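Going by my numbering, the first residue of the sequence shown is number 434, and it counts up by one from there.
Hint data in this document are derived by calculation from the structure and do not stem from the laboratory.
Don't take every hint at face value.
Unchecked claim - Ranges of calculated distance between the beta carbons of each label pair, as one might list FRET restraints:
| # | residue 1 | residue 2 | range |
| --- | --- | --- | --- |
| 1 | His461 | Ser436 | 33 to 41 Å |
| 2 | Trp465 | Leu439 | 33 to 41 Å |
| 3 | Arg440 | Lys469 | 16 to 24 Å |
| 4 | Arg440 | Trp465 | 13 to 21 Å |
| 5 | Gly456 | Ser436 | 27 to 35 Å |
| 6 | Lys469 | Pro441 | 15 to 23 Å |
| 7 | Ser491 | His446 | 33 to 41 Å |
| 8 | Pro493 | Leu466 | 31 to 39 Å |
Note that the structure is predicted; figures quoted are calculated from it, not measured.
Virtual Cβ for every residue (Gly too), placed ideally from N, Cα, C.
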Amino acid sequence: MWSKPLRPHQLRHTCATHLFKEGENIVHIKDWLGHKRTTTTLHYARIENPEIAATIESHPINEVKSKDLFRNQYT
């Protein structure tokens, strides 16, 4: 049985980790968590493979704001 109190911050980490492992786009997770940088989200999602983290972190999409990606989608 879990003996320590559960904190909301732990739930954010767990949720981000599960979303990423189930294939959710890291940019969507970043936006949902309210992060400005993908590197913060990578920490939250506990990406354990440094090569995967480096690849995601260096992707050009990280320089584009998500609101710009979807600006013309519904117009």
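Exercise for review: Go through the numbered hints given earlier and state which of them the structure violates, listing their numbers in rising order.
Suggested key: 2, 7, 8
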